[in-house]
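Enquirer: Now for the letters of each chain:
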Amino acid sequence: MDLTNDDVEEIVRLLDSSFYDELRLKTANFELRLRRSGSGWTEEKTSLSTPNLLDAPATAAAPAAVKPSEDVEGLTSIRAPMVGTFYRAPKPGAPAFVEVGAEVTEDTVIGIIETMKLMNSASAGASGKIVEILAANGEIVEAGQVLMRLEKSAA
Amino acid sequence: MTAIKLIDVSLRDGNQSIWGATGLNTPQCLQIAPLLNRAGFAAIDFIASTHMGVAVKYYREDPWERIRLMRARTPNTPLQFIGVGFRFISWETLDQEVMRIVYRCLIRNGVSRFIVLEPMHDLEAMMATAKMIREEGGEDIVGALTFTLSEAHDDAFYAHLTREMAASPNFDSVYIKDPSGLLAGDRARTLIPVVQVEQGKLKFELHSHCNIGFAPYTYAIAADLGVKYLHVAHGPLGGGTSLPSAIPTIANLRELGHSVEVDDDAVRKIDDYLTRLAKAEGLPSAGVRDFDARFFHHQVAGGVMTTTKRQLEEVKLGHLMPQVMLEVDRVRAELGYPIMVTPFPQIVCTQAMFNVIGKERYAQVPDQVIRYVLGRFGKPARPVDANVLDKILARPRADEIRKEPPPLSLKELRGKFSAGLSDEEFLLRATMPSDQIDAVYAAGPARRSYNPDARPVVKLLEALIKRADTPQFAVSKPGFSLELRSGATAAE
Amino acid sequence: MTLRRVFIANRGEIAVRIIRTCHKLGLISILGASEADLNSTAAKLADEVVRIGPARSSESYLNIEAVIEAALRAKADAIHPGYGFLSENAKFANAVRSRGLIFTGPTEANLEAVGDKLKARGHAEDAGLPLAPGGSISNPTDARALAAKIGFPLLVKAVGGGGGRGLKRIDAMSQLDATVDLAIAEANAAFGDPRVYLERFVASGRHVEAQIIGDGETVLDVGLRDCSVQRRYQKLIEEAPAPGIPAAVEARIRQAAVAFGRHLGYFGLGTVEFLYDRQSHEFYFLEMNARIQVEHPVTEAISGLDLVEEQLALAEHGKLRLSQSDIRLRGHAIECRLNAEDWTRDFRPSPGTVTRALFPAGPGIRVDTHIENGASIPPFYDSLMAKIIVTGADRAEAVARLLSAMRQIEIEGVATNRDLHIALLTNSDFAAGAVDTAYLAQFLEARAKP
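Protein chains in written order, with the numbering used here: chain X, 1 to 155; chain P, 1 to 492; chain A, 1 to 450.
By construction, these hints were calculated from the structure, which means they are not laboratory data.
Please note: incorrect hints may appear among the correct ones.
[Unchecked claim] The list that follows gives simulated cross-link-like pairs (lysine to aspartate or glutamate, EDC-like), each with its CA atoms no further than 20 Å apart: (1) K117/X to D346/A; (2) K117/X to D342/A; (3) K91/A to E125/A; (4) K459/P to D55/X; (5) K269/P to E35/A; (6) K117/X to E35/A; (7) K24/A to E9/X; (8) K117/X to E282/A; (9) K24/A to D7/X; (10) K279/P to D16/X; (11) K459/P to E114/X; (12) K24/A to D469/P; (13) K459/P to E99/X.
[Unchecked claim] Counterexamples of contact, computed for chain X against chain P with all Cβ distances above 10 Å: (14) M1; (15) L3; (16) T4; (17) D7; (18) L15; (19) S17; (20) L25; (21) S39; (22) E73; (23) S153.
Built from N, CA and C at the ideal position, the CB exists for glycine as well.
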């Protein structure tokens, strides 16, 4: 069974003229809840069917790379502020923002994280020297993942 | 081995036979249109003026719009219209030039195939109609050989008709139309070859109803004899008093070594859709009809028989039914063997009933019988019995009817309505009450989609709302559960 | 060729949209999904799902070979490319067709003619369409001469750009050289094509676009849309018809679009974009989009057409099955794009999992979405969650109904721009209608001020 938008419109029109305030419909494929809300109605839907996946070509699933998240004694971790694709340079072919050994301050941009086609800069967050770069150019990073480590400068 | 092509009649003839022509509206037709187009049918029997009237009256839908929208969705499959005589929607006969506008509009809106049906086989009338349709642009004009059992309607009779149609430039196809499903075995094996001899350039099709269970087997015979076009219906509209059901017909033909050029997946989906629609709308299924020997005798559709019996019982004369049945034979012969297709079963049965219960035969004659003998329905296969004719025409009422004015000319009829109307609107207003037409235009464009699966929910809601006494409701069965709550019981 | 199996090379709400029409027509829908979309709503609705590659677009949705190979493996008859991704890629269309599949879209010649913005301008000029004063530039001297002719402010646009990308504004001659250089560098990086052109900047312009559909010979006009409510050239609210344009001017815009389509021998669904000068009532050709657009539902709402169905019918039969007289427009429809972003924090994208999704429902309300309880919004793609399309007898009714509808939305798990829409719908300028393309930026600026 499948309900189209027209069907839902018709059902809501009927419900609206009735004294009912809620309809719950459940089939093998979906669950639908229509509720009176103010002068209108809301719809809450959940698909219950499972995708019918055709055989994919045999690609061995790459072992999930361990995303660094732990802190290391003596060093400050620079973490990704959000999930996205990490880029080391402002654009392809340009030199990277920072390399190992670079001196940075709190606001130094150390990379770009691209999320849903929008670029967000990631900054060092502390003053010091970059000692380790963990995230590769073009890698998909999770929020909170350690991108680089720096050695804080004294005072 | 014959390569068979199918013509689907579900939406028109199936709908008419099983659902009284009221079973389908525009969105229900449009929803299945893409699949009908994909299936590879030679044509779709889509509409008749009865259905156009139903669209207006019951559904507040513009029938012209239905044709246009259907045509847009079936660009590879011709749409068919069936007309009887010079009538359109209403019972009144129309002037020939008004009929021309009817055909012009049908063609303009997307119909390209036309059945020319004259149950009296008035050849002159058939030729005139076919010529008019051709002039207006009709592409596939099909002449009907309406089958019946009578001494007048022998193989030679049909051969003659076929010969005339083959010689005319205005016919493209001929079909044996068997409304009572009487064509069987031996007769099929003589009649079909005789038509084939005369068919010439015409396509030859068979259209037989399953009223007494013969049609599926007759189709097999026809295929063996090389008939390439067979009419079928789908789902609950196949079988019963309708045309043979598509899926078993296709299976049988293939089993017998013939090929059927259809997209089986589309056929299955069409069948399934109509089945779900019937279930959702509470419409009956055609069912199966068994052999009924009485049919050979009276050839009257079940409905008319039942009505006649009821009318007799109402005046406490039900016991006279057997006599009436015998009288039906006699009246039919005297009236020149009309083929028992609406309105003739009614005409013959009514007269037979009056003849039995009246003072004497033909003491009472209804208006329709008078019109019949005056030739208003065309010229019968045999002349009306001379004595009966004299008796009927001697009646004063016959004089009145004779003096009835001819139908209004196109100019006169147009003059009754405002000048700026489109042909389509004019034809509707000329044949139906204006308030019904106003309602159609007020209702706006028709919906274009229909979902049979949603209907049970909608109808359930409608019923519950009407009852107005059930603040909470729940129903549950495997794969489906529905709950309704109101007010305080609608918990978060 | 009879169409039975359609491969959908896209994702999100448009994949759901295409699948719905396939269901309606009894066509088998096969979804080509990346790793990240294998459990999406579209995947659950499709008849079959095929994995086309890893999450990253370049390895999946933008990977021509992967898409076609998956479609062939799934024994599809046709590919529907949706919008974005490969939908306007002539190489893709060519590859699809040469492998024996139907490409649901324009011809390669059409795609090549309008994919390159400069070429499109050239064709538009040949077709007699009015163009915003401007032209291509190849050196600084030319640029200065042209800029002087056009006048300031003006826009420098990337030839290979589109969808609102690759645009910069120049307010004075002193900024010209530097901005043009920057534009060239960025265009090369972003589109692989360093060419740019200059165009007059219309101070109070509206983005008005015309929907057309053609079969190579006949081109039909399906009315106009107004998409002026934009932020950084990304549309936020669209409506049909375009309000407040004098009837004679509207007719000329629509005729121009049809003329352009005929000039191109255009096949398929297309949108001709114009800049409409509010003050002078003049209009200029901007560009043409040779695909189905995100905002197509507003046109469907006022025409009663199913544009995806028309695309498939056209792809299958090669001929238009509609005529101009079948296109009757009535009512007014407006669409709000609900995005997964935090509009109070500079429109920061908000990917994640939607734990609860409540959408409005009822007469005149249509919601095109891939979001439902439990749906995930991966970070690899755009932020469009849902399109809320509302129809009314007139614009005022549509606005009122849409406002009430947007208020019903409840999304938990990600941030959305719902409240921005509500603010816009209650804004008197929007309610009056016919705002220009500067409207939204000004609105946001005004709100930002304490």
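Enquirer: Mind checking the alpha carbons of K24/A and E9/X for me, to see if they're no more than 20 Å apart?
Expert: holds, 17 Å
Enquirer: Compare the distance between the alpha carbons of K117/X and D342/A with 20 Å, and conclude whether the hinted pair is satisfied.
Expert: Judged against 20 Å, a Cα distance of about 15 Å means the pair holds.
Enquirer: So is S17/X really clear of chain P, every C-beta pair being over 10 Å apart?
Expert: Contrary to the label, S17/X does not stay out of reach of chain P, its closest Cβ about 7 Å off (not over 10 Å).
Enquirer: Check the non-interface label on T4/X: least C-beta distance to chain P beyond 10 Å or not.
Expert: violated, 6 Å
Enquirer: Next pair to validate is K24/A with D469/P; report whether the Cα-Cα distance is within 20 Å.
Expert: violated, 36 Å
Enquirer: Please settle this one: L15/X was flagged as non-interface, so is its CB more than 10 Å from every CB on chain P?
Expert: For L15/X, whose nearest Cβ neighbour in chain P is about 7 Å away, the distance does not exceed 10 Å, so it is violated.
Enquirer: Is K459/P close enough to D55/X, meaning Cα to Cα at most 20 Å?
Expert: Violated, at roughly 41 Å.
Enquirer: Say whether it holds or is violated: M1/X keeps its Cβ farther than 10 Å from all Cβ of chain P.
Expert: violated, 4 Å
Enquirer: Within a Cα-Cα threshold of 20 Å, do K117/X and E282/A meet the stated pairing?
Expert: Between K117/X and E282/A the Cα gap is close to 34 Å, so the pair fails against 20 Å, i.e. violated.
Enquirer: Starting from K269/P, check that the Cα of E35/A is at most 20 Å away, please.
Expert: violated, 33 Å
Enquirer: Run the distance test for K279/P versus D16/X: straight-line Cα separation, threshold 20 Å.
Expert: violated, 26 Å
Enquirer: For L3/X, is the shortest CB-to-CB distance to chain P above 10 Å, so the non-interface label stands?
Expert: violated, 6 Å
In terms of the numbered hints stated before, the structure departs from hints 3, 4, 5, 8, 10, 11, 12, 13, 14, 15, 16, 17, 18, 19 and 20, listed from lowest to highest.
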